[in-house]
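As given, the protein sequences belong to chains Z and Y, one line each in that order.
Here the first sequence stands for residues 1 to 282, numbered as in my numbering.
Here the second sequence stands for residues 283 to 540, numbered as in my numbering.
In case anyone wonders, no lab produced these hints; they're calculated from the structure.
Heads up, some of the hints might be wrong.
To be verified - Quick look at which bits of chain Y chain Z covers, simulated, 3 or more residues with Cβ under 8 Å:
hint, region
1, 358 to 370
2, 385 to 394
3, 424 to 437
For each residue, glycine too, the CB sits at the ideal point set by N, CA and C.
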Amino acid sequence: MSGYLSGVLAILGINVIFAYSIYITAATGQLNLGGAGFQAIGAYACAILSNELGLPIYLTLIFSAILGGAISFLIAFPVLRTKGVYMVLATFAIAEIVAGIILNSDFLGGPTGMIVNNYIETEVVLVVAIIVVFLGFYIMSTRIGLAMRAVHDDEAVADLMGVNKRAIQVSAFTIGGSIAGLSGGLYALYFGFIEAQYFNANISIFVLLYVLIGGTQTAWGPLLGASFFTLIPEALRIGDDWRFFIFGVIIVAMMILRPEGIVTRDALDRVWSKLFSRKSNV
Amino acid sequence: MSEFILKLSNISKSFGGVKVLENVSFDVEKGSRHALIGPNGAGKTTLFNVISGIHDPEKGTVYFKGKDLRGVPSRKRIHKGLSRSFQNIRLMPHLSVLENVMLGQHSRIDFVDMFKPLDFLSKSSGKGEAIETLKSFGIDLHKGQTVSSLPYGIRKKIEVVRALMAKPSLLLLDEPAAGLNTAETKKLRDFLKEVSRRGITLLLVDHDMPFVNSLCNQVSVMNFGQLIYDGPISELKNDRKVLEAYLGSENNLEGSNA
Ligand SMILES: Nc1ncnc2c1ncn2[C@@H]1O[C@H](COP(=O)(O)OP(=O)(O)OP(=O)(O)O)[C@@H](O)[C@H]1O
Ligand SMILES: [Mg+2]
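For reference, chain Y alone in the conformation it holds in the complex (with noise of 0.2 Å):
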């Protein structure tokens, strides 16, 4: 029998009387690679919100590794393993790129080790690290600017960095793929996908078909606060009730810039 990493329970929200997200039930697998889709305004952000503690449901329950996160507040949920990134860029403008992301590792660092002079660090303490993987992203030569300054695609990669330093076991991107150009596409595909290989389970929302389309073995996808599908991506585009959502939007399923 498959484990289950993350699992929705009958996840309710609402803003101001509107319902945002309406008994949301689906489970990841642990070591999937699972993708969250739906049109815009689904709600897809909102059950981010939910997971990672920014927002209580009003009804559901979200449990992590077998635990109901009820109660844990969202400061502590990275501490359990989950991280997030962000769909409109969460960086800190006036932190350089690598301290961006030495910043994701914050929820690992001991305490004696908060105390310890960043630039005198030593290899091991992390910033090590931090380089290597914006190196591995091709980032590493913008390190030391700040971030405002740097293009949305370049910003976007750092976000995901960001969120990988936290060593999480269940990663969630929020439109990971955005503003990237085809090749950045490819590129971050075939980063996440090594990602995945290290046992980082995924969940990720975006609009770009092509690109989740050969990120993902499952996905959910949701309409108007609802889930109207959940299974296997293979068997996607034959569900009628999908492809009635997505008729007339501008998102194509198949998708046609690969």
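If we strip away everything but chain Z, and leave its shape as in the complex, we get (with noise of 0.2 Å):
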């Protein structure tokens, strides 16, 4: 594999699987503009534990999860309080809360960054991607994704049907959180320097952006939209400055055409009658 090829995938896959912690909120109804900060928490988390406790590599990667998912859990019950446009103000503003936690930190290296002193290789990015890939589409598959799914669309009525709705939106919150930091722990691992500037505003909207434009209503959505917006300027070889326009217009375009996200429930269902002709149903 060469050098940039490999470089895509890794970063390909913890785009992916950092798609996979907002989207798994998302599913219940619920706008976390704070991925970055999540993600902070884990980066950070995996290197103190790789450079001041040697800790091998699986263990500051489950570490990073744990953290990542604790915190959500905490702040979880404070910020599902809030709905709507409150809430994906409450999820920013914890991020740039992190943010200055990490600036103001001489332990955190503050604004210098700090080096990781562990590394990994892209198949292990990989590797965790299709984990995590798998186990989105396993929770959306069952009972309980059923009820996230039940939960966005009507939180009233899946409530009376006996859907305890703060279970599992704390739950898909914290799933989420932790989820996050692994994205965070695996970013530290495999470019061995993070700084809080990387983790900031921007990546908190983009990601949510490849979730919603991807598409919140199955699995695919997150997976897709990741991969179309980290492939599609690789793949123009455009700069960092046209990345932004085009991601502009990009996103403009989606939005008019399919706001319901690339991947829609009736989309697939088209695909997959077309794929295996199955009789059209009446």
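Mind assembling these two chains? They're in different frames, but the hints should get you there.
Listed below in structure tokens is the structure:
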């Protein structure tokens, strides 16, 4: 594998994992605009456990996920009291707080960042990404996934059906936080250097866009959204300035053409019945 | 002596100072097919919302199977055997027909079964039952489709099937026949009679009097938030208050669209 290809694949893997973290929350109808904060938590946890305690890679990654999940769980209760745009702002604020803490902490390297004394190959990222994608599909295929989608569609009716909306939303937010932490751990180990400035609002916005534009109705959405937005700019070989412009154009176009995301249930059904020429439903 | 599954005692509810329910009291006998009728805006749906826990009454008590439901959150009421359908269809727009119906089973699924992938579920884990029930309604052909694309009548039927999936002891149906044609309404009636034979008590709101007359044995009538009649359906048309309430309204008590 060429260095370039391997680099693109690693970023793709990390972005896909990151997208699933936001997707799991979005599938229950909640928008998390603080993805970068949870990713930073995982990245710094991983760096410190590697550097200070010399823990092996798999343990540092597990701790990244656990810490991301634990912090998400703790803040889930106040955050999930907010709704809609307020929830978006609350999660955004949390990411800003995380960045602020890192920037002001000498122990975490402050603005100069931190070198990570351990590294992983692209293959590790890809294996973890496959596991996370599988996990995403699995959760969404169960009755838990059904309950999550029900909460997304109509909280009040889901409640009357006996769905514990709070438990579902807190769990989704927690799992999302832990997957974001995991993606941060992988980032730290792959790039070997982390700094607070990287985990900024742009990252949070992009990952949320991957998910919304990919589509939140099925587990295909984040996979397609993240792949699309990671690979298209690479394929076009465009620089960062143009990347933002093209992103903007594509996003506006998508929102007009496919407001429910690229992959919707109905679109999947159509593809499925074409592929397997299933008897069409009357 | 007859046994009552639901007892409503002096229920009052107002919205922004406007009294929508005023001291409503009546009982629903276990195993009965009980209708709740009344002109538009009488407060029927609001009463359903109080029974299912969406609204807390300002005054009065709902007893279900002899127990006061005060303090029982709406989510837990379905576990106790109370399920309902909605007048303004409230299906999950992004779920398929089958998924909507299977969601109706949520309250009786074990924790472990919550984690089994639906596509590989054996017939015994609720999926087969859901498909069978859709079949008996003649709408299983649509099971893979999302509901938003389906005609009103079919969505209305899915509402009923979903509510049934909880295996309730009391089923509240809010205008299940609205939007159905005569043949469909007859089919629904036969289906609900069968449901009733299986021991499920029905409390249903509907404006279609032939449907109500041919299905129900008990009826409570509301007008402007108050109960004006409660008794056997056979004596309904002799009641002066009821006749007055319906006089000049478009809802014909006899009904002519049978
Ligand atoms: N959440 C609410 N907030 C304010 N007013 C409400 C609310 N729900 C119902 N109402 C009012 O209460 C009154 C009774 O409404 P309700 O829906 O219970 O009547 P209904 O008997 O079901 O009528 P219909 O036959 O038209 O369905 C109406 O005047 C309605 O506007
Ligand atoms: Mg009503």
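Results for each hint:
Only residues whose C-beta sits within less than 8 Å of a C-beta in chain Z count toward coverage, and the region 358 to 370 of chain Y has 7 of them, enough to reach three; the restraint holds. For a cut-off of 8 Å, the count of residues in the region 385 to 394 of chain Y with a CB near a CB of chain Z stands at 5, and the three-residue condition holds. Taking a C-beta to C-beta cut-off of 8 Å, the region 424 to 437 of chain Y contributes 5 residues in contact with chain Z, enough for the three needed, and the coverage statement holds.
Against the hints set out earlier in the document, no violation occurs for any number.
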